[in-house]
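Student: Chain by chain, the residues run as shown.
There are 2 protein chains.
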Amino acid sequence: MPTALRRTKRLLFGRPLPSDRLDHEKLSRKTALAVLSSDAISSVAYATEQILLVLAVLGTVALSHVVGISAVIVGLLVLVALSYRQTIFAYPHGGGSYTVARENLGVMPGLIAAAALLTDYILTVAVSISAGVAAITSAYPALAPHAVLVCIAATFLLMTVNLRGVRESGIAFSVPTYVFIALMLLLIGVGVYRGVLGHELAPAGPMRIDPVSAHHAGIPVGFAFTFLILRAFAEGCVAMTGTEAISNGVGAFKAPSARNAAATLSWMAAILAVFFMGTSWLAQHYQVMPSPTETVLSQLGRHIFGGSFLYYALQYATFALLVLAANTAFADFPRLSSILAHDGYMPRQFAARGDRLAFSNGIIALAVVAMLLVWAFRGDTSALIPLYAIGVFVCFTLSQAGMVMKWRRTRAPGWRWRALLNGVGAVATAVVAIVQVATKFTSGAWIVVVIIPLIILVLAKIERHYAFFSREVQYTGHAPLMFMHHTVVVPVNGITKPTAGALVYATTISEDVRAIYVEVDPEATQRLQAAWTEWDVGVELTVLASPYRSVIRPIVDYVQSTLKAGTSDLVTVVVAEVVPRHWWEHLLHNKTALFVKTAFLFKPNVVVTSVPYLLGHAVRLGDLMHFDELPNSESVAQNA
Amino acid sequence: MPTALRRTKRLLFGRPLPSDRLDHEKLSRKTALAVLSSDAISSVAYATEQILLVLAVLGTVALSHVVGISAVIVGLLVLVALSYRQTIFAYPHGGGSYTVARENLGVMPGLIAAAALLTDYILTVAVSISAGVAAITSAYPALAPHAVLVCIAATFLLMTVNLRGVRESGIAFSVPTYVFIALMLLLIGVGVYRGVLGHELAPAGPMRIDPVSAHHAGIPVGFAFTFLILRAFAEGCVAMTGTEAISNGVGAFKAPSARNAAATLSWMAAILAVFFMGTSWLAQHYQVMPSPTETVLSQLGRHIFGGSFLYYALQYATFALLVLAANTAFADFPRLSSILAHDGYMPRQFAARGDRLAFSNGIIALAVVAMLLVWAFRGDTSALIPLYAIGVFVCFTLSQAGMVMKWRRTRAPGWRWRALLNGVGAVATAVVAIVQVATKFTSGAWIVVVIIPLIILVLAKIERHYAFFSREVQYTGHAPLMFMHHTVVVPVNGITKPTAGALVYATTISEDVRAIYVEVDPEATQRLQAAWTEWDVGVELTVLASPYRSVIRPIVDYVQSTLKAGTSDLVTVVVAEVVPRHWWEHLLHNKTALFVKTAFLFKPNVVVTSVPYLLGHAVRLGDLMHFDELPNSESVAQNA
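The listed protein sequences correspond, in order, to chains A and B.
For what it's worth, this note's numbering labels the leading residue of the first sequence as 6, then goes sequentially.
For what it's worth, this note's numbering labels the leading residue of the second sequence as 6, then goes sequentially.
Just so you know, the hints here were simulated from the structure itself, not pulled from any lab data.
Careful, some of the hints might be misleading.
Remember, identical chains collapse to one label, so a pair may be satisfied in a single copy or spanning two.
Taking lysine to any residue pairs in the SDA-like style, the calculated list, with each CA pair at most 25 Å apart, reads [claimed, not checked]:
1) K596 x V374
2) K602 x A61
3) K596 x F473
4) K259 x D526
5) K596 x P609
6) K569 x T481
7) K569 x F600
8) K35 x Q534
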């Protein structure tokens, strides 16, 4: 790598870390709560808003359903959290949905979970970054036209931080999470206090929708009403995304990792439940309407905190937390990719840790796809959300169903009630997944329904290739016999230093060396023949005719006929390759070495070697040859 | 090359032609008139119109100046044609401006001529194709919105025809030229007969511009008037472009080539003079005004021929002739590029003839640049014309000035009056070149003024590189001594067939072979060590630590330390390279061979050889090794 490039890389990503520092990059409870729970907690920034957006169709009065729907979702959250607590203890090294489903349900459910997870990690980045930037543009509407650019810059920054390594990103992101938690507690505290006890803004009070009067008022009833309430519920379920992050990442916790992870999961669920219910109650109480230019949370903050410092702090903290939520995916996506690569379902390049112990290729892939997605959806959170959460609920279902099978198999103490808990969770989340697809299908969910099977197809195809490859290269038997007649062919185009270097190399690797010259101009041939004889290099020059002016075909034909004659088992074509000093100089030379290599790529028993000759460098193969230069001898050099 | 690709190539460009068919591809006088004069003759399709476009600014009465201006241009044409007759006999193998200027005036004038010519050939294609398509859209206005697309398709077609070879393009294009000549004679004949003798449409009669009344009528006088008349003259000079084509292409004529070329030049000049004067007279007589939707020639044709078959025939013939004019550049540009490449000013790839004896790279380069130009100028002839003709007049001047020097040097019989003729021509065309730049500078000529020096810079830079290269590789002296200690290093990643192939190759080319294994996981190392000992391949396995998980760095360090130790003069790194069956499979394998090659690219005394292992193919290097397979032996294979 050129020095300048390496320096830039150092500056951005830091010095390479040795492998033995891997154990040091583990997370404490507090840091883990910041790094791994942010995805779940940050969803309060948009979940309530998504419910309100659907309910707004039903008219202002219907907005009062937001608290009820939120309460159902919180109930579901508690169920899923309890379910995942069991997974943490059963899989102390990290029990992602893929691992659990593959181990307990089989390969195909595992692949479905994997595809759903990969999709959701990408959407986590896209949705979180978009929602984070929406928090900023709510405070500064002038920035709104540049939202997409800001989203892409933020994703790029996240990528860079993650390429530097796990622990440093933990430290860098802990503070904003706790600031957000403090500000949200303050917002809810002040908001509830004023709303319930104060008289500053009297609540509208709970309203019941009377089906008869609703009908008169033009509000949809019956099926349409039910559908919209279900749709609002489905959209609100986005609050639960990220709940699985902790059980996926048990391995990243400090020891005792399972206990630490379980405690962190409980804290996370509690915080999320309070914040989500609090936001929904405040939104209903203060009759906040969703708006395309300002988020619901921003409206609440502006109202409760006024235009004070606290309001701006809340917006910044929301942005920071959502960036941190996106960061969760930057931990999870590469880790899952690495596991999949290890199992042969993803390219091997995803399996290895980079210079800084991070799974560099996974991080880069995630960032690139997420940026494309944000760009395609113009950074609009509400447009991205219908795609989101489906994959998460598919994973919840598969993971818990896997756990049920595991309890039935292992029959550990208390397996019956544990299986029951996971079973109830599996059924509940399966129902929600179906509701998600059914109610959001036309507004974007169909994309996920198309993409997940496509990903599964690709994963399976990759696995088939690796299996084929592994069979193909498998070597069973004794050591090979190593005797064969080896002929070396050196295409020459004149007596030049690169040619001399190639000839020296050729005579070093074989006794049977033949220099060949492709004739284009008979006069030039005669001159070369004469000079060659005088040069007396000990290698005979063979001239090949080229009626069609091709330089490559006569060489290929010569090599093929040598092999067919049966006197050689193996032919090496040694080509002198000039390495220019500047990239543009490549355009000025016929890439003979490259063409020769391409011509023989699928021909058996032929190896092409290029002997590099570095233009303008002091030392090179040629200098090894102890050139015995005579100043008065004539140079016979043609174009290379 | 894959079979499908080769078949398509055959279909488009025909079978390869052997070099000895080169002499057969010569042009007869009649074919040469069609192929080489079309550029000049076809300019009647737009030259008169360009004069009218400028004069229109002065008002309707000023249009009567078109005949006077055209007469001056025809005078200039006769002078230049006489001048070039002398060049043809002085340079019977083809005396392009570049050759004449370089030989008689020096390198820099030669390069100026070359740069001007290259620019003009590209503009010939762009202008002719645009004007040709304008002839069609004049007849069929519905096609106008697709003009750019039609232009690009026509250029592509021309490229294809030219890649097939010279003679076939001559035959394919002869008919439309003679049809055009016949139709133009008919148009001018009928038009003049009706205009002078008939009474069907009385001519407006010649009008004199009275400076005083002109002033009153708001017509510019004094400097502005002179400037616009000069500008109209400069634009009309576009009629003379292509005059040099015949003297450039003397070598393409059948013997006696000089006499044939001179006769063809005379015919061409005569035809052009008659057509240009005729068109201008008709335009003035019938008071045709330039229009953005219909060409002047089309208006004349529509008026004189009515809406008859003859009108459509004229439009088609104009289109065909203009395509043929563009074709002139497809003969000249690659020929000049080839000469420049031979002299070291352009990349060598332009020097060689392709399969079909055409200079393929020059043809493709011309087509691509011309298409980009047409696309950038939206196929608008009038926007392209100001860029045109400047280069041509620069070349006229340099070429004739060169001839003056030649006559003074050689003092051949009659050299005085010959030098005088060329001298007068040189001065006249130099004045015109200055007028061109001065009057058209702001309307596009500045682009040419910028681009020609840039091209000269690039040509000179290329020449410097080739000179450096030629010095650098020059070999003067006796044959090199060929004794050195050669060590071969084989990076292995398990006992697989590709690895076995690499080891067989390594032991074939040296006695000193070392297998090296980069350790990432110590457990895997132990398994491999044990299997390696059992395998007993005769090559020792060296394990290299890799604390930073890089596969390449330990290999580089090992090779460097081997060379530094002084026991080896030369190291070859033999890498097994898996060649997949499908392109996408490349993504699934770490490109170790490529990375190793890149890592050693600038390291002296190291050669990297990849031994290909073809997945899914029946025969390969490995099969030469007489594998003694034992069905019950265990396979130890890792990932490649």
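Student: Would you mind marking each hint as holding or not holding in the structure?
Tutor: Each hint, compared with the structure:
Taking identical chains as interchangeable, the C-alpha atoms of K596 and V374 lie at most 25 Å apart only when they sit on different chains, with a minimum of 23 Å there against 36 Å within one chain. Within a single copy, K602 and A61 get their C-alpha atoms no closer than 67 Å, and across copies no closer than 63 Å, so neither meets the 25 Å cut-off. Within a single copy, K596 and F473 get their C-alpha atoms only as close as 34 Å, which misses the 25 Å cut-off; across copies the closest is 18 Å, which meets it. For the homomeric pair K259 and D526, the shortest alpha-carbon distance between copies (23 Å) is at most 25 Å, but the shortest distance inside one copy (76 Å) is not.
Both within a single protomer and between protomers do K596 and P609 lie at most 25 Å apart by alpha-carbon distance, with minima of 22 Å and 21 Å respectively. Taking the shortest alpha-carbon separations for K569 and T481, neither the intra-copy value of 29 Å nor the inter-copy value of 38 Å comes in at or below 25 Å. With identical chains, the CA atoms of K569 and F600 are at most 25 Å apart within one copy only, with a shortest distance of 22 Å there and 34 Å across copies. Taking the shortest Cα distances, K35 and Q534 never come within 25 Å of each other, neither inside one copy (81 Å) nor across copies (44 Å).
The structure fails hints 2, 6, 8 (numbered hints given earlier, in ascending order).
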